[in-house]
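Could you put together the complete structure from these sequences and hints?
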Amino acid sequence: MAEKIYDVIIVGAGVAGALCAWKLASAGKKVLILEAADQPTGWAQRDEFREVMVADAADAKTNIPRGDQSSPYLALASRRYAPSPELVGKKDKDGKPIEKYYDYDLTGPQTEMFKAGYVRLVGGSTWAWRGNTPRKVPNDFRLKSTYGVGEDWPISYDDLEPWYVEAEYELGVAGNDQEWNGLLGGYRSKPFPMREIPLSYGDKLVKKELDGTEIDGVKITVRSTPQARLTIPYKPHEGFHERRACEGNSNCIPLCPSSAKYDAGSHVKAAVKTGNADLRSACVVTELMVNGGGENRVTAVRYKNWRSANKDEHQTASANVVILAANAIETPKLLLMSNLANSSDQVGRKLMDHLQDEVTAFFPNPLYPFRGPQSTCSIEDFRDGPFRKNYSAFRMTIGNDGHGRARSPINVMDDYLDNQMLFGEGLRSKLANDIPKMMRISFSTELLPNPNNRVTLSDKLDSYGLPRPRIHFEVDSYTYDALKKGHEVALTLLESVPNIEKDKIKEREWQRKWNTAAHIMGTCRMGNDPKTSVVNTDGQTYDHPNLYIVGTSVFPTSATANPTLTAAALALKTASAVLSKLGGKGK
Amino acid sequence: MLGTQVLLRNSFISRLPEINVAEKLDNQLSNDLINANNEEIFLQLSQLLTGVDKLDHNIAKEYYHEYLQQKFGIYLDELIGIYQRVVAAQQKPLDQKKVLDEVLARIKNDPQVLHVAKQVVRIWYISQFRESSDPSINTEVYAGHWKEGMLWDVIKAHAPAYSDKPHGYWADPPKGV
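Those protein sequences? They're chains A and B, same order as listed. Counting in my numbering, the first sequence runs from 1 upward without gaps. Counting in my numbering, the second sequence runs from 1001 upward without gaps.
Do not take every clue at face value.
[Stated by the list, open to error] Under the rule of at most 30 Å between Cα atoms (straight-line distance), these lysine-lysine pairs were calculated in the DSBU-like manner:
hint, chain 1, residue 1, chain 2, residue 2
1, A, K504, B, K1175
2, B, K1108, A, K430
3, A, K4, B, K1175
These are calculated hints, taken from the structure and not from any lab test. Computed from a predicted model, the values in this text were never measured in an experiment.
Have a look at this one:
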């Protein structure tokens, strides 16, 4: 039987690929989605993920904690053939980096371990994300021209604004238009599709204390965070499964048990439901082939299906257009394996993450965290300003999850048991008194694009015989100074709370350390100059006219906004460009 | 309330590794009774160690037989035996704080029994426990009742991933606060 002819092949069924697939398929284009994972996306699978997270992840044999982003996904067969980085940034008892998939290049004086991981699933890492969806602010697109550091984007806020609107309606973003319209210059041409996530009881108490505090002439406002987490039952279009409003499971990372939080499985399903898209799962793409004669068009996509009888046999698929939507590690890896799209020598370079840290405290009164979403509000006031000439902007969040990653309730209980020998009523009452007062203020910084921070191909192979990503990562003073400033602001805010026990603020002294926000960006930068960029403003590669890239890999800079909404907006923009190229109109 | 005879028997069994044939036969004949009583004693001991009054009988049976007894055997028996002796020696009505202090005083220098006492707390609070007392190795075992873990009740929350509450409930304080 002849291979079906497709208009578009999309590699990767995460949020960027899924949105492209849906947009193109709903406009009548024939789409093939190649996805390395193969799990279903329905309720039974969601329930099983929860069971695995609760049971398997608690068990010593997996050695992955229950809250880890990969913990619900440990039972998937795809882990063998489409491995994800796990226990990223962790070291063993002897101080050696634990290498599960990543191969760390730790040479050089400023080198650090890259700590951001992801999951490979139908739906991508949106299964395991927090769901925060702030937009970038206008100056994020012109960092170089405004502040003389980093780079400018080849597009402006104005260019992206309509696509932000579309992305917010596709994902189902809950937000407060009054709080966000015009914030730091970021106007909104259309309201959010639904009202904001209610602030938690505790967040309201915190907001009451912090609002109006002045730091460095900046008046602090605690705002509700826009989140792709529903406040009403919602489906963006007919043909979608209706997701229900958030029930506050306090488990957004690593899994929403109710589907109130957006995951891209919904757009994959809707794309397939149009009858115009095929999802070919369990297919790990190994190479893109191009024709000769100077055209440099991608003619075929080679892949191996690990569910097939001969899992090592290569298969091929062809289409007029190929869209790479893996992620900012897998996309450059595939391009490097194919030796394509890299005339600029930028593929794999300028890898970025948001480096974050937090200050934790005990509020004077109970806040009752662990009820509702893990975070409902934020402080956006340091995301822009003249200080960006000297150190990076930072975005602050108020946690609704106690001390967050620094200290879980289980850690607290173990501390009281093991170190304080507390049992019985003494233990119970101390836990009842202390944990409801736990709070954190986190801050997430910008990392400038650095060509040394890069993904290359390791000599070490994964279990399917493909090169593992080798990662070199450095952090400079622009970011460390912001981490220090973020710490100072968070500490000042916490100490401004009347009657707070200052000696119980654990992180009073700043330490040169950071954690990952797991926001992997860069590696296939967008720009106007083919000599220094991989893709143009449509996401089209300069070297291959029918090859496009979507996802966070095209970001020229990281700014401070959680990246998914921007990736979604850019993906919709690219899908529209592809549609125009193929001759068609979208919905 | 426990009978003195059973208290003594359990104490005796747990402390003497070798018992005569008649005693063994007696044990078998009254196995059900002893088990039932051990479950009850385990439940009371659990309430003492956790500080939580209302623990579930069925879960207690499961934790006792399927997990703790299997993993900790003689050390759990030893802990129960100590508890029984402390209870027997205390004036009635019992002062639970005194009982707890006395139990802790007797086990604090016995790392194995102390470890089991901590795991009794952990299994009730989070439905998992550590087999080994060496903190440098991960020996966590899941015991099947994450949702029913008492820690969440104590801090007036719910087990993460198991809300069972309507949208927006988090905007208000917990009931009864």
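Here is what the structure says about each hint:
no. : hint             : in the structure
1   : A/K504 / B/K1175 : holds (28 Å)
2   : B/K1108 / A/K430 : holds (20 Å)
3   : A/K4 / B/K1175   : violated (59 Å)
Of the numbered hints given earlier, the model fails hint 3 alone.
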